[in-house]
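Protein chains: 4
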Amino acid sequence: MDYQSIINEIYRDLMFEEDFGQIATYIPELAKVSPNKFGVHLYTHDGFNYSIGDAREKFSIQSISKVFSLSIALSLLGPALWKRVGVEPSGTAFNSIVQLEYERGIPRNPFINPGAIVVADLLVTYLKDTKKEFLEYIRALTGVDTIDYDKDVAKSEQRSGYKNSAHVNMLKSFGNIKNDVEEVLDFYYHQCSLSMTCEELGKAFHKFSDTNSVFSYNGIHLSQSQVKRINAIMLMCGFYDESGEFAFKVGLPGKSGVGGGIVAILPNKYTISVWSPRLNNKGNSYMGVRFLKQFTTRTNQSIF
Amino acid sequence: MDYQSIINEIYRDLMFEEDFGQIATYIPELAKVSPNKFGVHLYTHDGFNYSIGDAREKFSIQSISKVFSLSIALSLLGPALWKRVGVEPSGTAFNSIVQLEYERGIPRNPFINPGAIVVADLLVTYLKDTKKEFLEYIRALTGVDTIDYDKDVAKSEQRSGYKNSAHVNMLKSFGNIKNDVEEVLDFYYHQCSLSMTCEELGKAFHKFSDTNSVFSYNGIHLSQSQVKRINAIMLMCGFYDESGEFAFKVGLPGKSGVGGGIVAILPNKYTISVWSPRLNNKGNSYMGVRFLKQFTTRTNQSIF
Amino acid sequence: MDYQSIINEIYRDLMFEEDFGQIATYIPELAKVSPNKFGVHLYTHDGFNYSIGDAREKFSIQSISKVFSLSIALSLLGPALWKRVGVEPSGTAFNSIVQLEYERGIPRNPFINPGAIVVADLLVTYLKDTKKEFLEYIRALTGVDTIDYDKDVAKSEQRSGYKNSAHVNMLKSFGNIKNDVEEVLDFYYHQCSLSMTCEELGKAFHKFSDTNSVFSYNGIHLSQSQVKRINAIMLMCGFYDESGEFAFKVGLPGKSGVGGGIVAILPNKYTISVWSPRLNNKGNSYMGVRFLKQFTTRTNQSIF
Amino acid sequence: MDYQSIINEIYRDLMFEEDFGQIATYIPELAKVSPNKFGVHLYTHDGFNYSIGDAREKFSIQSISKVFSLSIALSLLGPALWKRVGVEPSGTAFNSIVQLEYERGIPRNPFINPGAIVVADLLVTYLKDTKKEFLEYIRALTGVDTIDYDKDVAKSEQRSGYKNSAHVNMLKSFGNIKNDVEEVLDFYYHQCSLSMTCEELGKAFHKFSDTNSVFSYNGIHLSQSQVKRINAIMLMCGFYDESGEFAFKVGLPGKSGVGGGIVAILPNKYTISVWSPRLNNKGNSYMGVRFLKQFTTRTNQSIF
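Chains as they are written, first to last, in numbering that gives the first Met the number 0: chain R, 0 to 303; chain B, 0 to 303; chain D, 0 to 303; chain F, 0 to 303.
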């Protein structure tokens, strides 16, 4: 299939359309990014790379990082992880605290913020130097040693993160945070502040797109079955309250971040990363979702 | 792959285990079924059939019928359907009326009861003789002319269906039911009362498992893309509040019913039907879910 | 105190102001009433009557009737009543079904619709000819033999009462309705359709304003303590989600109806009835609430 | 009326009954108090004092302090206060964060924790040395200069107050906290840690029981109408999710605290304080509520 032509066509088509959506402003540092950035990168299982636009420019991966932290926690704890966090779609907006209280402190899944904070707490417990080891793992996944936290973004988020402070304290009140709340949030904000390019995300997620091999990087080991399950969680929960819509129209497991990035996977075929900072009303990249819909429609490939 | 051996093995293994779960008692007629029934049927894309146990015995398909009615509504209305019902997982128990009120009468998806009732309302509007045409469609899908409603089950459900009456009236109060509420419920209960075997369900769902051909039966036409989308909705919403768990552990689109049936699909590979009447605490067949977990684990095949 | 002058003054002041609020349109028959009607009637404990405007014109008392049915149920069942319905303010809009589901079919209090429907069910169980006996009781309370149901209003409400149908079916599904749902609703809609004047309501509620005597009318007996408790429920729950505001600004127990009527009580001092059909955004008479605020402020009398 | 005999009788009767309920353990420092403490103090409007048991022993007044802080905020801001906090009963348990999120950061009333925290934030904004001025006000109300914060209790609460931290951060995320969250909580925990006796509470609330005079203490001025409104809020919201029950069975405005104290008012007649540390399942003093029920029944006096 001529992926490059398809990517070029969709990119050009979308360029002529009005770009709707709004850049996230609740993290002041993110609001500085040019809203017109647009990059796409496709990395196939047989080793080919296709890209267009700002595919080699760094951006804040934000919630996409939750896939990385989940993979570490699953490797460290195995099934015991699911006593601390569920695997069901949340059915509500991504920052809702309601469900948390109703379900006595067990977040619905590891991709809503409270769930990701519980996973962060686990990493703080089990890794000696959490920030350092997390970074080494990402560098091992990508082979790119220059990937780093953006401390300005982390600080900016920390200063305005009252909702996350509410979540972590609520979780702590139910006994589902074991470490100091400030320490957990400090790691969580660093994790989210990772700066990566579409290309680098492609390399990293390529490891999760391969469900036929054992996964083993930097001491993190996952069975084939565990890699498949990470894909299942991405499909069910990767796009907040737009997960059903995304499965319905795109048909790929994936994960979005408020920095405007989306990574999606066709297992054992390819990994595709898109970046465009304007968000739709569900908090996912407006152009990113549209691009991927077009892509799976024109290639007629999806998991279904 | 030697499917028959794998099926036999899992069947035997499960037979030695204690059979947990409870038969649904809220529909008195269903409570009469022997709780020890257990049947499995696999129908591959290349035309082979494998079965064991009570695979040729009729049972009440209940909510599995929602896939059939959805396919008709999607054929008749196209994307306009999504103004009346959503495609997001519900995140709550299958009979919750809360979300309905909160979201002003638009059910989250077509597989929770309120969503299926809205779809039933659409069929009452668009089909001349709804019950007759629905039955003809099922017979066309399966090629089995003896498939019929079980009027005792339909009546039994109608007499005890206060929650569904609550739902349909709440929907009507928001203007999302166009016909008389009693007429809609009458069709809905008939649709759910269909008696079919695992084998017959396999034949019917085989049509939805084929995402490479156009779907056209008895005047109902679906594009490849529409068939894929029905699969996506099954994956996201097919198992009530256990959908995430099912995707996580089984990894196949599917649909369950309180009669104890489950049908699951590996697109373009096979359709598998399981029937065992005892239900787990999420309302899905206890043995059915366990069987399918074992099956996708041992065959190492899933959509991920 | 010169009540008549105070009433006249407030009436005149409000006349000069713009009349906000909207007449209830969900009961078509009620929408026919002139929105400019405005009547006030005060009946003191020592037997004096003061009135102005349309105080002798009949209107649909609607939810005000819930006080009458509650008094019968309390007389018949005593404390056993509180196993079927609570006494806590609802904290949500008056037609919310959420709380009902959350609290397993026990309505928060007898003045939200589901609670009043449970009370109606009790009257259907315990009174032989419910509609006839209920009417006789109202006639005994007022001494006015011409008070009657408005069958057009009852029918109109029945035809459009999908939300109440949802409630009664939800209650039935939890086992908190013992009779046929249609029979219960038929009585409930008749009860709400009662046509009375401000003056007649004053006479009826005068009996509940006397907390120093035993209450005994037409076979319905209440102890002093029970009469006080009806007043307590009126104060806590009489104005839907505006109950706190009403206690805060008016400071009297009372009950409103969507027909635009309000009756309020200063125990052992007076009963005051107001009627003005336009409703505020909480479903209570816009002018009625404003009049009563002025009245307790200028007289400097309230229960506090 | 022979109040002392009535108090003695009820006290003796309750002494013979089993003392149910449990002492609050979530504030470790409070768990040290002897659960068998039991004191009652009645202070009449004409200046008589009646007491029994541990009426002169200090205890942690906890949420009773919310009435004091509300009175300051109302004096300082007047009606502008109600833009920051409502006056409706909450209809849910006292630490629920759900409603807060649903209603965009405006707590339902000043007596649920989030509401009291908003009031605390206002005091931090408007008083120069908040802790000092608050204490001076309480000393002025009671005429007792030795009343003070219990710093051990304040610290104990701070260390375990994750739910309050969740609330204050959620409020801050909606912009309804203007000061630093830690500073607000520090004042809030001090306010709640006040140690007072039943007798001292009687003296302080005596000022709120007088609705016929202007209230003016230590620079805090309230009109008669404002004092009445504080009473209305106590009646509607003073006992968390048991407020309706308390109005129903006791019929007095009042406020409870998890230290086991309750103060109730019959306006212009008396103030009654009860202390018994074991709590019922709604978080109010088990014996305190029972005592007050008996008291208003036997005296046949209440606001209704």
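If you are wondering where the hints come from, they were derived from the structure by calculation, not from laboratory data. Treat the hints with caution; some may be incorrect.
Same chains, same label: a pair holds when it works inside one copy or across any pair of copies.
To be verified - No more than 35 angstroms apart at the CA atoms, straight line, and that leaves these computed lysine-lysine pairs for DSBU-like:
#	residue 1	residue 2
1	K292	K177
2	K268	K177
3	K82	K127
4	K292	K202
All values reported here derive from a predicted model rather than from experimental measurement.
field: Intra/inter-copy verdict for K292 and K202 if alpha-carbon distance must be at most 35 angstroms
entry: both (22 angstroms within a copy, 31 angstroms between copies)
**Q.** Intra- versus inter-subunit Cα pairing at 35 angstroms for K268 with K177
**A.** Cα proximity of K268 and K177: none, with 40 angstroms in one copy and 45 angstroms across.
Can you give me the call for K82 and K127, within, between, both or neither, at a CA distance of at most 35 angstroms? Result: close within a single copy only, 22 angstroms intra versus 48 angstroms inter.
* To do: State whether the alpha carbon distance between K292 and K177 is at most 35 angstroms within one copy, between copies, both, or neither.
  => Classified as between: cross-chain Cα gap 32 angstroms, same-chain 41 angstroms, threshold 35 angstroms.
Of the hints listed earlier, the one the structure fails to meet is number 2.
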